[in-house]
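Visitor: So the chains spell out like this:
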Amino acid sequence: MTDISKASTVSSSFAPSERIALAAMIIFFALAPLVIYPFFLMNAICFALFACAFNLLIGYVGLLSFGHAMFLGVAGYVSAHTAKVWGVTPEIAVLLSVAASTTLGVIVGSLAIRRQGIYFAMITLALSQMVYFFCVQAPFTHGEDGIQSVPRGKLFGFIDLSNETACYIVVVLVFLAGFLLIHRTISSPFGEILKAIRENEQRAISLGYKTDRYKLMAFVLSASLAGLAGGMKAIMAQNASLTDVHWSMSGEVVLMTLVGGLGTVFGPVVGAFVIVAMQNYLSPYGSWVTVIQGAVFVACVLVFRRGIVGEISHLLGKPL
Amino acid sequence: MFGVSTQALFGQLLLGLINGSFYALLSLGLAVIFGMLNIINFAHGALYMMGAFCAYFLLNWAGVGYWGALLLAPLIVGAIGVVIERTMLQWLSGLDHLYGLLLTFGLALIIQGLFQNTFGSSGMPYAIPKELTGGQNLGFMFLPNYRAWVVAFSLVICLGTWFIIERTKLGAYLRAATENPGLVRAMGINVPRMITLTYGAGVALAALAGVLAAPINQVRPLMGADLIIIVFAVVVIGGMGSIMGSILTGFLLGLVEGLTKVFYPEASSTVIFVVMTVVLLVKPAGLFGRSA
Numbered sequence: 674m675t676d677i678s679k680a681s682t683v684s685s686s687f688a689p690s691e692r693i694a695l696a697a698m699i700i701f702f703a704l705a706p707l708v709i710y711p712f713f714l715m716n717a718i719c720f721a722l723f724a725c726a727f728n729l730l731i732g733y734v735g736l737l738s739f740g741h742a743m744f745l746g747v748a749g750y751v752s753a754h755t756a757k758v759w760g761v762t763p764e765i766a767v768l769l770s771v772a773a774s775t776t777l778g779v780i781v782g783s784l785a786i787r788r789q790g791i792y793f794a795m796i797t798l799a800l801s802q803m804v805y806f807f808c809v810q811a812p813f814t815h816g817e818d819g820i821q822s823v824p825r826g827k828l829f830g831f832i833d834l835s836n837e838t839a840c841y842i843v844v845v846l847v848f849l850a851g852f853l854l855i856h857r858t859i860s861s862p863f864g865e866i867l868k869a870i871r872e873n874e875q876r877a878i879s880l881g882y883k884t885d886r887y888k889l890m891a892f893v894l895s896a897s898l899a900g901l902a903g904g905m906k907a908i909m910a911q912n913a914s915l916t917d918v919h920w921s922m923s924g925e926v927v928l929m930t931l932v933g934g935l936g937t938v939f940g941p942v943v944g945a946f947v948i949v950a951m952q953n954y955l956s957p958y959g960s961w962v963t964v965i966q967g968a969v970f971v972a973c974v975l976v977f978r979r980g981i982v983g984e985i986s987h988l989l990g991k992p993l
Numbered sequence: 270m271f272g273v274s275t276q277a278l279f280g281q282l283l284l285g286l287i288n289g290s291f292y293a294l295l296s297l298g299l300a301v302i303f304g305m306l307n308i309i310n311f312a313h314g315a316l317y318m319m320g321a322f323c324a325y326f327l328l329n330w331a332g333v334g335y336w337g338a339l340l341l342a343p344l345i346v347g348a349i350g351v352v353i354e355r356t357m358l359q360w361l362s363g364l365d366h367l368y369g370l371l372l373t374f375g376l377a378l379i380i381q382g383l384f385q386n387t388f389g390s391s392g393m394p395y396a397i398p399k400e401l402t403g404g405q406n407l408g409f410m411f412l413p414n415y416r417a418w419v420v421a422f423s424l425v426i427c428l429g430t431w432f433i434i435e436r437t438k439l440g441a442y443l444r445a446a447t448e449n450p451g452l453v454r455a456m457g458i459n460v461p462r463m464i465t466l467t468y469g470a471g472v473a474l475a476a477l478a479g480v481l482a483a484p485i486n487q488v489r490p491l492m493g494a495d496l497i498i499i500v501f502a503v504v505v506i507g508g509m510g511s512i513m514g515s516i517l518t519g520f521l522l523g524l525v526e527g528l529t530k531v532f533y534p535e536a537s538s539t540v541i542f543v544v545m546t547v548v549l550l551v552k553p554a555g556l557f558g559r560s561a
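Protein chains in written order, with this note's numbering: chain R, 674 to 993; chain D, 270 to 561.
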């Protein structure tokens with residue numbers, strides 16, 4: 674008993690190596706706008722939160738959701754619609770979008786966790802395609818056009834987000850809140866149970882855990898945080914479009930996580946920056962980007978399964 | 270009936286049956302590959318597209334017509350499949366199945382991207398072979414010969430594959446190797462080669478579907494991309510436990526989709542996913558699946 678309680682108290686805070694990485698990340702966020710276009714940074718940070726939310730499932734529960742774009746996309750539509758048409762303030766818009774993605778997460782999760790492994794991936798993919806068709810047909814999403822020129826508005830009625838610096842700071846703070854919540858979750862006793870399910874679900878069941886309930890909770894949490902990323906992204910980028918609901922976006926978030934390092938704390942953040950940068954700087958080459966992304970995918974799976982952060986962490990022999 | 274003309278009803282049912290034969294051929298190939306390699310072949314849609322392109326190239330570059338393509342395209346794409354298995358998939362055995370899905374997803378991106386770069390996104394026409402032009406007037410509907418041929422031919426291929434796997438000695442080896450590869454290997458059977466050839470055969474089925482589709486749909490780089498997700502839903506509904514399951518589910522869902530187009534067209538693109546949801550609620554292992 675004492676061993677277990679000691680283990681969980683030790684792991685519930687950041688390891689020293691993780692603390693250094695966290696400090697480095699915060700310093701990077703503070704200094705980066707001086708040299709990098711803030712819009713690009715905010716976009717990458719939103720995707721980083723999305724990838725972290727996705728990694729919570731694949732990295733710690735071993736569930737590959739191939740439909741996570743639906744949470745990002747639907748949340749984006751909700752926050753764009755409520756901010757533009759209903760005229761609510763940004764924090765209400767983002768909260769509503771999180772509520773929407775959470776609800777969707779409960780529905781999709783309770784269906785998908787009935788099957789495991791590859792089936793789970795296929796079911797989430799198929800359900801996300803259903804959501805995609807809904808978004809194509811529903812009138813409020815404006816189909817191919819998407820929702821454009823969404824007002825950024827005033828946060829809590831007085832912080833003007835149309836100011837680039839204010840918006841950047843808010844995006845970073847929301848990201849950090851989500852990031853810390855995920856870290857807190859995976860290092861809590863709940864997170865230990867999730868890891869036990871990942872390692873050996875049958876054993877976790879025989880130990881008396883209702884694994885389906887834990888998996889569903891993790892799925893819903895991941896969906897909510899993906900929704901937070903989507904809702905914030907729509908406000909920040911001032912639009913919501915079909916790109917974010919399409920299944921290729923689900924593939925991209927898998928790629929981000931894989932490139933950065935599956936099951937590492939900082940991997941998805943690094944992966945998101947790499948992939949967003951790749952899309953940004955390679956965009957003149959048109960659909961060659963798809964080919965390059967595919968090649969990165971293949972290379973990651975064949976020879977580079979630990980990802981960037983996973984590889985560094987392995988070299989240092991310390992968790993990151 | 271319900272204000273729908275019989276002409277339209279049977280027309281959509283035929284269309285459903287044709288889509289169903291593509292679903293059946295593709296999910297059958299997926300099931301064959303899954304059985305031996307434990308990999309969901311995400312590149313299946315891309316290889317289906319390659320089958321159609323292969324027919325197009327054979328016609329325009331080598332002067333080989335439809336009937337030649339029906340034989341050659343599956344062989345060529347199947348050979349590419351063998352190379353893919355030997356050079357990449359082979360290294361994933363023993364790892365989590367998810368890596369196979371991710372690798373083939375990457376392959377699908379590469380293949381589709383390359384074709385898009387070379388041919389753009391628009392479609393290229395492929396003529397119906399002259400032996401199969403025209404059609405029969407059945408009185409209640411007009412049946413184009415080519416469509417009748419597609420349904421009949423894919424039924425023959427599906428049942429033939431079922432026969433080989435369930436009723437021949439080769440199929441017995443295959444099924445035994447799925448259950449216990451080590452034991453089958455100890456009996457002197459080259460299991461790795463069998464795995465490679467099985468992947469090639471599954472891929473060839475996808476390419477065959479591609480050749481069949483070429484005269485109906487246009488030959489497009491993205492023709493497989495959206496189809497593959499529907500086929501995944503078909504696989505989830507069917508359960509992939511049995512070969513017959515994929516065939517029946519494929520045709521059945523094609524019909525369901527066709528009927529929806531008649532009675533409630535708005536839902537026709539989502540009806541398969543709705544059916545999937547209902548089936549999952551009632552029978553999580555799928556209609557023909559063994560419980561996971």
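Note that these hints are calculated values from the structure, not bench results.
One thing to keep in mind: the hints can contain errors.
[What the hints assert, rightly or not] Result set (DSSO-like, lysine-lysine): computed pairs, CA atoms no more than 30 Å apart in a straight line: (1) R:K868 <-> D:K552; (2) R:K827 <-> R:K757; (3) D:K438 <-> R:K883; (4) R:K868 <-> R:K883; (5) R:K757 <-> R:K868.
Visitor: Now tell me if each hint is right for this structure.
Guide: Outcome of the hint check:
As the CA atoms of K868 of chain R and K552 of chain D are separated by approximately 28 Å, the hinted pair is consistent with the 30 Å bound. Restraint check for K827 of chain R and K757 of chain R: the C-alpha separation of about 13 Å stays at or below 30 Å, so the hint holds. For a cut-off of 30 Å, the pair hint linking K438 of chain D to K883 of chain R is broken: about 44 Å separates their Cα positions. Of the pairs offered as hints, the one joining K868 of chain R and K883 of chain R holds, with about 14 Å between alpha carbons and a cut-off of 30 Å not exceeded.
Under the criterion of a C-alpha separation no larger than 30 Å, the hint pairing K757 of chain R with K868 of chain R is inconsistent with the structure, at around 41 Å.
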